[in-house]
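K.L.:
Sequence:
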Amino acid sequence: MLTAVNELNKIKAKDIKKFLDSINLSLKVNKKPHSLSSTYTIVDKKGYPVFYGNYNAFIKFICSLNYILNYVRTNNINERMN
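All letters in the sequence shown, in the order written, are residues 1 to 82 by full-length UniProt numbering.
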């Protein structure tokens, strides 16, 4: 998992945006005034929050989501469920 996080740190913000757009999610970054920390919110099409947390949690969530989606795509989980 740490390797995935290190790899994701190299990815540009627009690549993360493209990834989220491809699964119908969007990212909102809430910068706190007078603070170095920001919170990240991922919402679905209707605006319901799917994820809320700090940067480290956000990176771990994206890595986990990417891993799950790759697993589903490579193993044709959708076809087996029908």
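No wet-lab data here; the hints were simulated from the structure. Some hints could be false.
[What the hints assert, rightly or not] Under the rule of at most 25 Å between Cα atoms (straight-line distance), these lysine-lysine pairs were calculated in the DSS-like manner:
| # | residue 1 | residue 2 |
| --- | --- | --- |
| 1 | Lys31 | Lys14 |
| 2 | Lys14 | Lys60 |
| 3 | Lys45 | Lys28 |
[What the hints assert, rightly or not] Just the calculated beta-carbon pair ranges, DEER-fashion:
| # | residue 1 | residue 2 | range |
| --- | --- | --- | --- |
| 4 | Leu25 | Asn56 | 14 to 22 Å |
| 5 | Asn30 | Asn75 | 32 to 40 Å |
| 6 | Lys31 | Asn75 | 19 to 27 Å |
| 7 | Asn56 | Ser26 | 32 to 40 Å |
Think of the CB as a built atom: it goes at the ideal place given N, C-alpha and C, for glycine as much as any other residue.
K.L.:
Where does the structure disagree with the numbered hints, that is, which hint numbers, in rising order?
P.N.:
Hints 6, 7 are the ones this structure does not satisfy, whereas the remaining hints hold.
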